[in-house]
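So the protein lines, in turn, are chains A and B. First residue of the first sequence? That's 67 in this note's numbering, and the numbers climb one at a time after it. First residue of the second sequence? That's 14 in this note's numbering, and the numbers climb one at a time after it.
Be aware that a few hints might be false.
Think about it this way: if two alpha-carbon atoms lie no more than 20 Å apart in a straight line, the pair counts; the simulated SDA-like pairs of lysine to any residue are [unchecked claim]:
| # | chain 1 | residue 1 | chain 2 | residue 2 |
| --- | --- | --- | --- | --- |
| 1 | A | Lys100 | B | Met137 |
| 2 | A | Lys76 | B | Phe128 |
| 3 | A | Lys170 | B | Phe33 |
| 4 | A | Lys75 | B | Ala119 |
| 5 | B | Lys126 | A | Ile91 |
| 6 | A | Lys215 | B | Gln65 |
| 7 | A | Lys100 | B | Val135 |
| 8 | A | Lys75 | B | Phe210 |
| 9 | B | Lys126 | A | Phe95 |
| 10 | B | Lys86 | B | Phe210 |
| 11 | A | Lys322 | B | Gln150 |
| 12 | A | Lys165 | B | Ile41 |
| 13 | A | Lys75 | B | Lys127 |
| 14 | A | Lys75 | B | Ile129 |
| 15 | A | Lys75 | B | Gly256 |
| 16 | B | Lys203 | A | Arg73 |
| 17 | A | Lys76 | B | Asp191 |
| 18 | A | Lys322 | B | Gly256 |
| 19 | B | Lys124 | A | Ile85 |
| 20 | B | Lys86 | B | Val53 |
| 21 | B | Lys185 | B | Lys153 |
| 22 | A | Lys76 | B | Asp122 |
| 23 | B | Lys203 | B | Leu109 |
| 24 | A | Lys76 | B | Phe123 |
| 25 | B | Lys153 | A | Ser142 |
If you are wondering where the hints come from, they were derived from the structure by calculation, not from laboratory data. Note that the structure is predicted; figures quoted are calculated from it, not measured.
What follows is each chain in one-letter form.
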Amino acid sequence: MGISYSRQKKLIVFGFLAIPVSLLIVFMFFPTLKLFQFSVTNWDGYSASFKYVGLENFRQLILKSNDVWIALRNNSYYFFIHLLAIPFEIAVASILCGKIRSSKFFQSITFLPYVINGVAVALTFSYFYSPNGGALNSILDFLHLSVLKMGWLSNIYIVNFVLVSVSLWRFCGLHVVLFIAAILSIPNEYYEAASIDGANSLRQFTNITIPGIKTVLELVLFLNVRGALSVFDIPFLMTNGGPGYETSTFMVYTIKTAFQFNQYGLASAMAVILMILIIIFGYVQSKAIKIKG
Amino acid sequence: MSNLVTSTPPKTKSRPTGSFQYLVMGLITVIVFVPLLIIVLASLKTLPEISQMTPLALPHGFYLGNFTETFVKAKIILSLLNSLTIALSSVIINALMGAMAAFIIARFDFKFKKFILGMFLVAMVIPFYTVEIARFQLIKSMGLYNTLYAPILIYIGADMMQIFLYKQYIDKVSVSLDESAMLDGASYLKIFTKIIFPLITPAVATLAIIKFVDITNDMYIPYLYIPSDKYRTLTTTLMTFAGDRSVNWASISACIIWILIPTLLVYFSFQKYILKGITAGSIKE
Numbered sequence: 067m068g069i070s071y072s073r074q075k076k077l078i079v080f081g082f083l084a085i086p087v088s089l090l091i092v093f094m095f096f097p098t099l100k101l102f103q104f105s106v107t108n109w110d111g112y113s114a115s116f117k118y119v120g121l122e123n124f125r126q127l128i129l130k131s132n133d134v135w136i137a138l139r140n141n142s143y144y145f146f147i148h149l150l151a152i153p154f155e156i157a158v159a160s161i162l163c164g165k166i167r168s169s170k171f172f173q174s175i176t177f178l179p180y181v182i183n184g185v186a187v188a189l190t191f192s193y194f195y196s197p198n199g200g201a202l203n204s205i206l207d208f209l210h211l212s213v214l215k216m217g218w219l220s221n222i223y224i225v226n227f228v229l230v231s232v233s234l235w236r237f238c239g240l241h242v243v244l245f246i247a248a249i250l251s252i253p254n255e256y257y258e259a260a261s262i263d264g265a266n267s268l269r270q271f272t273n274i275t276i277p278g279i280k281t282v283l284e285l286v287l288f289l290n291v292r293g294a295l296s297v298f299d300i301p302f303l304m305t306n307g308g309p310g311y312e313t314s315t316f317m318v319y320t321i322k323t324a325f326q327f328n329q330y331g332l333a334s335a336m337a338v339i340l341m342i343l344i345i346i347f348g349y350v351q352s353k354a355i356k357i358k359g
Numbered sequence: 014m015s016n017l018v019t020s021t022p023p024k025t026k027s028r029p030t031g032s033f034q035y036l037v038m039g040l041i042t043v044i045v046f047v048p049l050l051i052i053v054l055a056s057l058k059t060l061p062e063i064s065q066m067t068p069l070a071l072p073h074g075f076y077l078g079n080f081t082e083t084f085v086k087a088k089i090i091l092s093l094l095n096s097l098t099i100a101l102s103s104v105i106i107n108a109l110m111g112a113m114a115a116f117i118i119a120r121f122d123f124k125f126k127k128f129i130l131g132m133f134l135v136a137m138v139i140p141f142y143t144v145e146i147a148r149f150q151l152i153k154s155m156g157l158y159n160t161l162y163a164p165i166l167i168y169i170g171a172d173m174m175q176i177f178l179y180k181q182y183i184d185k186v187s188v189s190l191d192e193s194a195m196l197d198g199a200s201y202l203k204i205f206t207k208i209i210f211p212l213i214t215p216a217v218a219t220l221a222i223i224k225f226v227d228i229t230n231d232m233y234i235p236y237l238y239i240p241s242d243k244y245r246t247l248t249t250t251l252m253t254f255a256g257d258r259s260v261n262w263a264s265i266s267a268c269i270i271w272i273l274i275p276t277l278l279v280y281f282s283f284q285k286y287i288l289k290g291i292t293a294g295s296i297k298e
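Kindly produce the complete structure, drawing on both the sequences and the hints.
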């Protein structure tokens, strides 16, 4: 080729980056800026004009609206219960890295729910928990535990836990697979040296396995913050946020505010708050791990 | 690295592999399969059977009527074609563009490099879902609402996470390969297409499969941007079908199974790569 390398370099740098960078600007950064703009307006989403209302939307959300706090409370169920599941996920991962037979088979079973369509998962569990002839109530009948039967998706004291159980079913496998990879990446010599020194399995686990999977642990914790704060399809499809606002998460509430109640400005303010929360929580959590570690 | 992982002997030193471990794994297997089995049972039941029997009871016969009925009613073929069009075009374009951008970032120094890298990093931190409110207006004003371009452009443009993974792989390819090709007078374009891209193809393929599964399973984007009947995807067709109050659990279950078949086929045929790909992103050497 006749073109000099310095000229080629200019061409290829521009040619290979132009499209992805412009797509990123158009579909990611521009809407993000627009979101901040909408969040200080009273726009309804379709009128030609809107008024700037300053921080009124934020004031209303934080001080006046009870539903936002209910939504955040509902998100916190997902956050804390998934957090509590993490030790179990690590335990399952270490079982699967151990001497168990057919570990490949169990690994693919564990991961299976993650590849199942979210709508299919929601419907499957709507049937499972259905009050009229649902599977769980029949199982309880079968076990002579009929006293425990209830409207799993309408009882406001348990419905959030029921929805979180679906989320656990769907996402724990992903975490387990991540932990498996982390455990396998620890050099085997560490364990050999430790057993020569007479360290028992528990000590090996706390002194070698846990430090060895720190990076992945951080990743899973961040995924948990982001996932828990943006839960959408499970409550949206299974209860539509109801009864009342009892199971409506922040995302369900935001989408409804925008597209059903046509309060675009308000919904944008909610999205901005969500974005800030995810960044703050993610940051605080990673700092907290650094201090501990 | 892959060979290393598979050949590594078992790690944890729990000597006699206790029955406790099998108990735990058995329990997990039951938890994973019971809800799915109940759906399979329901899908094989006739209308009187589904309304009278408990969900755990076995159907009397092997009734396939729900499957034939929902196949037509839920427009499975149309939805499958739409899902495939969206997923394949976004995955292929996204993988190519990601690999090209990663090549530039890994191999060249140029003005604004830090700035562009920073842009990709910030885009990873901005939660995908929250921008939707504003992106929706943008798509509408571009005239892309209710066209297949809307989901495709969003999947391509808003998700560039894989650039950093590809960069990790390209960094592992020795620069001396590039240099010797340059001595032979190869252009940069040729170095990318003949040396770099073939070497990172396994990584690209793995991520592409995962992305394919994620996109076919996504409900949010098609639900918001392509509500039109002719653009139903596997996900939205199931939503529409189940939303119809006149349908019963037997036919919903059959519809669930129809739309699970494509992703499950992909999962079981490429399982090894999917599991490897999921983990590749999380582990630094």
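_Unsatisfied constraints (hint numbers, rising)_ = 10, 15, 21 and 25
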